[in-house]
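Enquirer: One letter stands for each residue in the lines below.
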Amino acid sequence: MPDTSAARLSAMYQERILQHYRAPHGRGVLEGATAEGSRKNPLCGDDFRVSIAVVGTSIREVRFEGRGCSIGTASASMLTDAVRGLEVREARLLIERVERLLQGDAPADAASLGDLIALAGVASYPQRVGCARLPWQALRDALDA
Amino acid sequence: MRLHHTDTFGLSTALAPLAPRADFPLLAARPSLHYLDSAATSQKPQAVLDAVVDFYTNANANPHRGAYALAAAATDAYHDARVTVARFLGAADTDTLVFTRGTTEAMNLVANAWGRTHVTAGDEIIVTALEHHANFVPWQQLAKSTGAVFRIVELTGDQRIDLDHLASLLSPRTRVVAITHVSNAVGAITPVAEVVRLVREKSPAIIVMDGAQGAPHLPVEFDVLGVDFYAFSGHKMLGPMGIGGVIGTRARWLECQPWQFGGDMIEWVNDQDSTWNVLPHRFEAGTPNAADAVGLAAGVRYLESLDMVQVRAHEVALLETANARLESLSGLRVFGPPAAERSGVISFTLDDVHPHDLATILDQHGVCIRAGHHCAQPLMRRLGISATARASFFVYSDSSDVDALVDALAEAQRLFAPDAD
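Just so you know, the sequences run in chain order A and B. Numbered according to our numbering, the first sequence terminates at residue 380, and the numbering increases by one at each position without gaps. Numbered according to our numbering, the second sequence terminates at residue 1193, and the numbering increases by one at each position without gaps.
Chain A with its partners taken away, still in its complex shape:
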């Protein structure tokens, strides 16, 4: 039986997060982007830019650039997987759901979140929630732009 803190730690650094960190999806410059948002964490200097290409009301493509810790990078990587193809309205709802997840409020329909559910472990680390939130804030800025 692992002790509680070790279990919490592995809950945050689960294999899914580490896979996204080692080989992030959707990283790079988005040619033809229609909007972008950038967020910096003033505490550590981590910096993410999220670019989107919106056609009509749907997000045709999304990419991220920047550097950060495993939590921020995995969050950005998962974001690109989850947001590609969504309606703008759906993307805004997803941002809200991720925010609730990071607050420790796992939704009943967790399965529909896919890989994003891996971010639930971050809620146990209030100092790290900001890392996971950074790319989603950048996405919101892009949607508001």
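There are no misleading hints in this set.
Residues from chain A that keep clear of chain B, each with C-beta distances beyond 12 angstroms, as calculated:
| hint | residue |
| --- | --- |
| 1 | VAL290 |
| 2 | GLY320 |
| 3 | GLU322 |
| 4 | GLU325 |
| 5 | GLY349 |
| 6 | ILE352 |
| 7 | ARG375 |
DEER-style ranges, computed between Cβ atoms:
| hint | chain 1 | residue 1 | chain 2 | residue 2 | range |
| --- | --- | --- | --- | --- | --- |
| 8 | A | ALA258 | B | GLY1103 | 13 to 23 angstroms |
| 9 | A | SER293 | B | GLN1149 | 37 to 47 angstroms |
| 10 | B | PHE1033 | A | GLU325 | 54 to 64 angstroms |
| 11 | A | ASP379 | B | ALA1189 | 35 to 45 angstroms |
| 12 | A | VAL323 | B | GLY1034 | 53 to 63 angstroms |
| 13 | B | GLY929 | A | ALA345 | 49 to 59 angstroms |
| 14 | B | LEU1078 | A | GLN362 | 25 to 35 angstroms |
| 15 | A | ARG324 | B | ASP1124 | 37 to 47 angstroms |
| 16 | B | THR892 | A | PRO277 | 26 to 36 angstroms |
| 17 | B | THR928 | A | PRO277 | 26 to 36 angstroms |
These aren't lab readings, by the way, just hints derived from the structure by calculation. Just so it is clear, CB atoms sit at the ideal spot from N, CA and C, and this is done for glycine as well.
Using the hints provided, position chain B relative to the given structure of chain A.
Expert: Just chain B now, kept in the frame of chain A:
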């Protein structure tokens, strides 16, 4: 003295703490905690907590104001604290120590009280790329508002101040050289005598030294250092948060204009003008933080009882112990000069593991380190990184802290290692 004894097999034996953990209530209550963030703030011995409680229990009144015996006791306690701290930092002229909230306020004081009346357009202000934001931004902003030229001394490959570059920047127009005694971010110790010699030879500048990491870790003799101002923070040297100060030469203080106005700092208030109290009160407007000054004095006496030469030797021994053990980690990059020129700070990055991830994983092993830019963004920019992880030692640190650090780093590296396949 507990310096690195070696046994007959040539293996290092454990390095005991210089000060017993039992003296520090927070550490005593957490036997498995490895507090390696003393560069951010030190833990406090019981003697400091007792001194603060004793002031409020037995001497609480407003210093310098009441005519009754209790007010005199408060005034005496505050004065005694000034005497003790001035003695500890080697300033014979006690009244040249002005208490502030800490180094940050001290730097803002000097930049305003001296800088605003002595720096004009075309003058030059020099800082270094090692500075904490608190000894960088006040001067940057003074330069902006006065039209002075703001120059930055670059660093050597091991993050020491490049003295040749400093020499090349100094000129008859240099008015201020603001420089750290010890870098908070990488631990590099400034060769103060050489800096003072260069500045005096080539410019009329005042030297303002950030002693936030110097006063707690090195023997300091203000009257020997030869700088004009030396600032420090009490909470990094066993004292409470919210108290610190700056020592200046009397001549420089007399060139300063008051920067904050109010009670205690005035001599006489006329309808249209006022006159100022004498040193040190002239620069301490408002009710002073007497209780925390008394607490700081208790911390200083505790350090004196350990002897600052021994404090420094203890930290060097810990650094050497750590260096030997850290060699086993691949992908580790340690910043700053070798132990002989570095205070008890190990600032590092580990391949593949972001400093924030390191701090979280180490925390799970009871190891407290700092991860971030250490309020030294100009330095981080020059290193081409956004953050480092930093472990820092003090009097209560011992080799078990080093062991816990190295073991937890190895664990973090295992967790983040790329898949074997």
